[in-house]
Amino acid sequence: MAASISGLLKPWTPRVFLVRWSRYNPYYLEPEVSKEAYSRPATELSAEEKEQRELKTLRPIKAATSGVSSSVFDDPVISKFINMMMEHGNKVLAREIMTQTLENIKKKQVEKYHKASEGEREAIECNPYTIFHQALENCKPVVGLASIQKGGKYYQVPIPLTDNRRRFLAMKWMITECRDNKHRRTHMYEKLSQELLAAFGKEGNVMKKKYELHKMAEANRAYAHYRWW
Amino acid sequence: MLHKCVALKSDALTEFGVCSKDLSVSILMSLTCVSFQACHSETHIGQYYTLPSAHIRTLFPSGLPWRYQQQVKTFNEACIMVRQPSLEVISYLKKTDYSKPALRYLFYGQKGTGKTISLCHAVHFCYTQGWLVLHIPDAHQWVKNCKELLPSSYNASRFDQPLQATTWLRNFRLTNERFLSKIKTKHRYMWTKREFTEEGSLLGELVDQGISRVKSSSDVVGAVMKELRLQSGQPGSDFHLAVAVDGVNGLWGRSTIKKEDKSVDPEELTLIYNLRKLMRNDWTGGAIIATLSQTGSLYTPKSAYLPQELLGERGFDSMDPFIPVSVPNYSEKEFESCCLYYMDRHWLQHPQSRTEEGKKELVFLSNKNPSMLDRICGFL
Numbered sequence: 001m002a003a004s005i006s007g008l009l010k011p012w013t014p015r016v017f018l019v020r021w022s023r024y025n026p027y028y029l030e031p032e033v034s035k036e037a038y039s040r041p042a043t044e045l046s047a048e049e050k051e052q053r054e055l056k057t058l059r060p061i062k063a064a065t066s067g068v069s070s071s072v073f074d075d076p077v078i079s080k081f082i083n084m085m086m087e088h089g090n091k092v093l094a095r096e097i098m099t100q101t102l103e104n105i106k107k108k109q110v111e112k113y114h115k116a117s118e119g120e121r122e123a124i125e126c127n128p129y130t131i132f133h134q135a136l137e138n139c140k141p142v143v144g145l146a147s148i149q150k151g152g153k154y155y156q157v158p159i160p161l162t163d164n165r166r167r168f169l170a171m172k173w174m175i176t177e178c179r180d181n182k183h184r185r186t187h188m189y190e191k192l193s194q195e196l197l198a199a200f201g202k203e204g205n206v207m208k209k210k211y212e213l214h215k216m217a218e219a220n221r222a223y224a225h226y227r228w229w
Numbered sequence: 001m002l003h004k005c006v007a008l009k010s011d012a013l014t015e016f017g018v019c020s021k022d023l024s025v026s027i028l029m030s031l032t033c034v035s036f037q038a039c040h041s042e043t044h045i046g047q048y049y050t051l052p053s054a055h056i057r058t059l060f061p062s063g064l065p066w067r068y069q070q071q072v073k074t075f076n077e078a079c080i081m082v083r084q085p086s087l088e089v090i091s092y093l094k095k096t097d098y099s100k101p102a103l104r105y106l107f108y109g110q111k112g113t114g115k116t117i118s119l120c121h122a123v124h125f126c127y128t129q130g131w132l133v134l135h136i137p138d139a140h141q142w143v144k145n146c147k148e149l150l151p152s153s154y155n156a157s158r159f160d161q162p163l164q165a166t167t168w169l170r171n172f173r174l175t176n177e178r179f180l181s182k183i184k185t186k187h188r189y190m191w192t193k194r195e196f197t198e199e200g201s202l203l204g205e206l207v208d209q210g211i212s213r214v215k216s217s218s219d220v221v222g223a224v225m226k227e228l229r230l231q232s233g234q235p236g237s238d239f240h241l242a243v244a245v246d247g248v249n250g251l252w253g254r255s256t257i258k259k260e261d262k263s264v265d266p267e268e269l270t271l272i273y274n275l276r277k278l279m280r281n282d283w284t285g286g287a288i289i290a291t292l293s294q295t296g297s298l299y300t301p302k303s304a305y306l307p308q309e310l311l312g313e314r315g316f317d318s319m320d321p322f323i324p325v326s327v328p329n330y331s332e333k334e335f336e337s338c339c340l341y342y343m344d345r346h347w348l349q350h351p352q353s354r355t356e357e358g359k360k361e362l363v364f365l366s367n368k369n370p371s372m373l374d375r376i377c378g379f380l
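From first to last, the protein sequence lines are chains A and C.
52 is the number that full-length UniProt numbering gives to position 52 of the first sequence; each next residue is one higher, with no gaps.
158 is the number that full-length UniProt numbering gives to position 158 of the second sequence; each next residue is one higher, with no gaps.
Rather than coming from a laboratory, the hints here were simulated on the basis of the structure.
Each residue gets a CB set at the ideal place from its N, CA and C atoms; glycine is no exception.
Check the hints yourself; a few may be wrong.
To be verified - Covered stretches of chain C (in silico footprint by chain A; criterion: 3 or more residues with CB under 8 Å from a CB of chain A, positions within the stretch not fixed):
| no. | stretch |
| --- | --- |
| 1 | 137–147 |
| 2 | 218–232 |
| 3 | 314–320 |
Unchecked claim - Far from chain A, some chain C residues (derived; all Cβ distances over 10 Å):
| no. | residue |
| --- | --- |
| 4 | R57 |
| 5 | E309 |
| 6 | H350 |
| 7 | F379 |
Bound-form chain C, shown alone (with noise of 0.2 Å):
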């Protein structure tokens, strides 16, 4: 049964749908949501929400773990589990006063408990709540593998990375359509000797020239994130800004671009550079959300998967103070309910699988690990 119901809020933009799926077994909870605000309890910890799909191919298209993707396009939907971690930053997010700088929150764990997912969820409160999104997908796709790099116009010292910078500016354009003709820009950038932005042209405008100057693009990324983190906590704006980057760890590891035989450090490139500006709070009205990672990280131990070890000593300076949000594999509530899910999308075919035997099978060999259940249950 599906509900869609639109949003109490005023704001004609924040209309979403919510599902509600009715699951045979009476043990556990069903999915009934009636609104964004009652959906995230604490009652509803192991339950699914279901986001709109129209609001998937704005808000991520990238930024969605692979075989997650591939799940939405199996299920036809896309539904995430209500977890502790994305439900203490949403109540955080709730309450805070945004007249002070940004609070940093920080998403860490072991491999394959759910973090980026916790990050998305954040994010698509954020988006329901008519805020900008600033996504960063992965930063670690930023200091390595980069086909071009060509030397900065405005530093000469530093790099570009001209394809990276144009896909984020598309991304960007697309999740935040509604931003780019409302936000003007508070100061004059010259690109060329005879190519400018003037001073009160619309965000829209600098985005599109970024798109299509391809050799300007990285500056023109810079541009946008210094106007954004200006202008958001002005009186006169009437936005909140979510800057959200998975992968933070990234900014301040090593990169294996190499130009002619000496590695860059990431702090050479202009797109890290901007975004280490931007990671730092002298800013407010809004919220910076990140998430470390150790499986796309450069020369880190894979053991490794707290803050101080990923992030290193400049960066855990730069990001301190934070708040850390621990994000565990499932419970035991958890795990039960994500196997019903999977039952009732008709994922868990394996007759044994349904069984008492086949359940605490699955529990050891995944160790209610989520990435890992999720890979056990593909063949099931």
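Okay, chain A solo, but in the shape it has when bound (with noise of 0.2 Å):
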């Protein structure tokens, strides 16, 4: 229904309300948070970027989430990561938890580093957001499964996956495993920064299920051809 060439899009609504997708009309843009897009000259441009600026003009714009600022500070990864924590809407709760959680890592980390010796110092990463950033990376699967029907039977087929599915299970998977495998006493934030710091070293849980994912897959590797996409 939502039309493929933007070309013949105009302002309309639609007829029948789809419950969870977005009830703006594709005819809207996205908004442009970051204020350096802004300071860029007109020369600095490609046509591409030109043609954006000039639609901008003409078209209406969605309104910004909540969520994004335009402070110096926003990171879109984090962002998500709390959307996914938060729970019952308390979006306060959840941002409270992650900056305790990105305190925490700090804290431990420069800890190591002032006791550390000289020569250990360079190895001992002490931004919390490069550790976040590479601990999501290590625990991103390569491929996932599927389960095909074919000949009356069900199948795991191993798939390639896109980015964000990649990026929504690595953040699932660490959010659960914090949850329900750690001491019911400790709070999230020790137990998400201990996690992390695992992950950014590669080790823990949660990189042992993204191992045990890939093993099944390359197990299930004949059933390769049973996929048509």
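Build the complex: two chains, separate frames, hints provided.
So this is what it looks like as structure tokens:
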């Protein structure tokens, strides 16, 4: 129903509303939040970017969500992680846990840094953001499994995953691991910081889960041709 | 680079280590300090002064704010920024005539501006000068959450708090180790029918008596305060007394302790009663440094920070006359110095926080309030 070629789009309202999708007409464009994008003069832009700017003066723009900000410290991956940790819409609590996790990681690493000798200091990474991104990268699976029916039986077939799906799986495993498999009296930020530091060093339960998925995919390699897309 | 140097005073007890740290950015000052005396003049506002770790362990077993203690553990050192309020109080302390009655200094300010740290800085100065330090880390802890309340043995209408009194005596013993064997009591104290402390016995014995006999510990605290107050200005004694109270407005406020469903007035608590007597300026040879605090106080509005509002009528009349010292938020220079210190200690890790844009955002988010800046830089 939502058209594929934007040139044919005009403002309209659909007759049937889908429950969980965005209410916006595809005619609306995404908002650009970062300040740097607007400070570039017209001479620096390529032809497509000039066209984009033209389009933005004509088309209506969607409202920005409250999760994004034009702050220089804004990180889309961290925002996504906070949204996934959020329960019952309590974004304040989820954000608080995230900031405490980052602080905890930094505290542990900086303490280690100050106690280490000169030679070991270069190897210690103190930036919690690089640790978080690297840990998430290490946890992302390369292939996933899909349940495909062939001749009355269901087979687990290895399939390639999109970037979004991989990121989602890494974050989901991290959060469920911390919620379920840790000691119940520790705080969430403590559990998360331990698990993230372990994933950064390529150890821990989340890495184990990723390797098991890879092994399953390797084992079911023979059924790969059941995939038709 | 670390330089440890012995103080110029002849008293061997006042040896302390001072750190010099050179920051790579040449725009702002480097933190070179040679001795305590040279470290604290007007030109040093905004620079960081390092407290030796041995002093931290003895002086502040529980006097520093929680987040600061965590910072000390992480950075493996304790640095305090030299700021105008504490500098002012220290300069007054250097110049006072100790034969006159004790002066009362009161740090006041909005939440999170650094009143407790200023108090600790002044207390550390007194300690390095060889004074006897009577430090009450938080007067509000004595008027709330009391687990055990006993009727006082000395006066039937008052109540004792054995737990708080014993912890305080233990900390007092740790801080003032060297004075315990020098000062002698001038009065005779009777604890029970058979236990008493003779006149002329050492202060150390009195303190040990309080720690071992938990039931009479509050009375021991009162006795210790009385002895020190009487002896401090006298020609025979060779020590100065520094009384440091954090959250002094708790002494004249209300309390949440309940005895058989009736709420207890702070006046009926032995510890508070004796502390109030100490806060009067009828003794010589020392100084009283105090801080107001809304955060731990009971039944006070959140926006109150001025002495008149927090002390109330009775408190203000008892504390009057005092020297109020306002503790404001960071100035531009102090803010820059704080950011540089965090960068030097590898605490500000986000690459954007080192740019101009990032700094402007930090100023906006924290309003140059020291505790807000500390919380924000925590996760950046």
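Now the hints, each set against the structure:
1. Residues of the stretch 137–147 of chain C with a Cβ under 8 Å from some Cβ of chain A number 0, which does not satisfy the need for three, so the listed coverage is violated.
2. Using a Cβ-Cβ cut-off of 8 Å, 0 residues of the stretch 218–232 of chain C lie near chain A, which falls short of the minimum of three, so the contact claim is violated.
3. Requiring three or more residues with a Cβ within less than 8 Å of a Cβ of chain A, the coverage given for the stretch 314–320 of chain C is violated, as only 0 such residues are present.
4. Non-interface status of C:R57 relative to chain A is upheld: no Cβ of that chain comes within 10 Å, the nearest being about 18 Å off.
5. With 10 Å as the threshold on Cβ separation, the claim that C:E309 sits away from chain A holds: the shortest Cβ distance comes to roughly 30 Å.
6. A Cβ of chain A approaches the Cβ of C:H350 within 10 Å, the least distance being about 6 Å, so the stated non-interface status is violated.
7. C:F379, annotated as away from the interface, has a beta carbon of chain A within 10 Å; the closest lies near 4 Å.
Figure legend: structure checked against the earlier numbered hints; hints not met, in rising order: 1, 2, 3, 6, 7.
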